[in-house]
Amino acid sequence: MKRGLIDFWVGLFVLVGLAAILFLALRVSTVSGQPAGSSYTITATFDNIGGLKVRAPVKSAGVLVGRVDSIDLDTERYLAKVTLSINQRYRFSRDSSAEILTSGLLGEQYIGITSGADDKMLQDGDAFKITSSAIILEQLISRFLFSKAAGDHEATPEK
Amino acid sequence: MAEWFYRFCQNLGHPLNTRLIKLGFACRFLLAILRHTPGILRRPRLLAREIWFAGVLSVLIISVSGLFVGMVLALQGYDTLQRFGASSSLGILVALSLVRELGPVVGALLFASRAGSAITAEVGLMKATEQLSAMEMMAVNPIARVIAPRFWGAFISMPLLAAMFSATGILGGYLIGVELLGLDAGSFWSQMQSAVDFRQDVLNGLIKSVFFGTAIALIAVFEGYDAPPTAEGISTATTRTVVTSALVTLILDFILTAFMFRGV
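Going line by line, the protein sequences match chains X and Y.
If you number the first sequence the way my numbering does, the last residue is 164 and the count never jumps.
If you number the second sequence the way my numbering does, the last residue is 265 and the count never jumps.
Hints were generated in silico from the structure; no laboratory data involved.
Being a predicted model, the structure only gives us computed values, none of them experimental.
Hints are supplied without guarantee of correctness; some may be wrong.
As the list claims (entries may be wrong) - Here are the simulated distance ranges between beta carbons:
1) Y:182 with X:32: 14 to 24 Å
2) Y:248 with X:83: 41 to 51 Å
3) Y:232 with X:27: 38 to 48 Å
4) Y:21 with X:95: 42 to 52 Å
5) Y:31 with X:96: 28 to 38 Å
6) X:46 with Y:87: 31 to 41 Å
Here a beta-carbon is modelled for each residue, glycine too, at the ideal position from N, C-alpha and C.
Input sequences plus hints: build the corresponding full structure.
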């Protein structure tokens, strides 16, 4: 095979290979995570985080605004301390609340932020004052069952 | 008893010893290749010829296999996912399994059998017909002229081929999932996009294929260079290239996966 032809095919090969990588990068995946410096951190403490994972999404009104950075146990109060990394573009008032929600019945858990009405905004390193924990399905069911059982017992007529 | 134990130690030691010697020689060989690498940059034509030989000629088998693997994944995945009513996640299943595992691993196995064996046979035959010795007689270093370009040609080709495998596989999955099984094209792509992360999944897959490419390229040129200069020697060396490459690929894959995806 002539040399020019080899060069042609090698060039085409590299081009197609790079196009495949580009296809994987742009069409198949998303580049997540903001570059450093464009996000700030806010902490939130929860009684129970359920199945929340690191890198879970943080959403406000359903829009992705950040990710869960780390999850720790605060050993003084025995509460879960969750650090959120929020995109610099989004600011939330100081009386905003954070709650752990589930997308769908069996979906992944994420943190939803509901904004408040305060003029002052949360700064880097601040904490959410109002939080509500994950709903633990087993606790709900057992509470319902126990109350039902107790109710039934009272309602059962004496023989 | 003492005699038996002596024999036992000898039998235990000899194969181990030869393998250790071979491993040490392979390491020295790799260092020699790296030392002669700058010479390739002065003669890119040599490298282009080897990329053509190892890469371009493998494109057909890689992309056709990728297409069929993707189509099979889509059929099998759909069958399982629809039991849970999650058939719209088919795109995620196909893309993640291809990009993380099947693209690099199956691509590497195909590459080892298509290009690795050819490189071994070529180098082995050059040695058997004393072309390598002739080069040394002419003060041309065979490692710089023959071995290093083949090594780097295979090294460069492997990640590109793995990316092509994944890309054609995903297109195959799209063909089956959307065109044949009637899933929604928009949700196929958008669910895939939201679930596949570039750094976590695509880049790790490419890193894997770089490791596999290094291993296969080194094994191929080494087995060729180390082959006994007989017809039988070349045939066993070619077989060994394919077998060793496959084993090393799978073991490396386990190690890399354990590092990359062990969960949080």
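Hints, one by one, checked against the model:
{"no.": "1", "hint": "Y:182 with X:32: 14 to 24 Å", "in the structure": "holds (20 Å)"}
{"no.": "2", "hint": "Y:248 with X:83: 41 to 51 Å", "in the structure": "holds (50 Å)"}
{"no.": "3", "hint": "Y:232 with X:27: 38 to 48 Å", "in the structure": "holds (45 Å)"}
{"no.": "4", "hint": "Y:21 with X:95: 42 to 52 Å", "in the structure": "violated (60 Å)"}
{"no.": "5", "hint": "Y:31 with X:96: 28 to 38 Å", "in the structure": "violated (54 Å)"}
{"no.": "6", "hint": "X:46 with Y:87: 31 to 41 Å", "in the structure": "holds (34 Å)"}
Of the numbered hints given earlier, the model fails hints 4, 5; all others are met.
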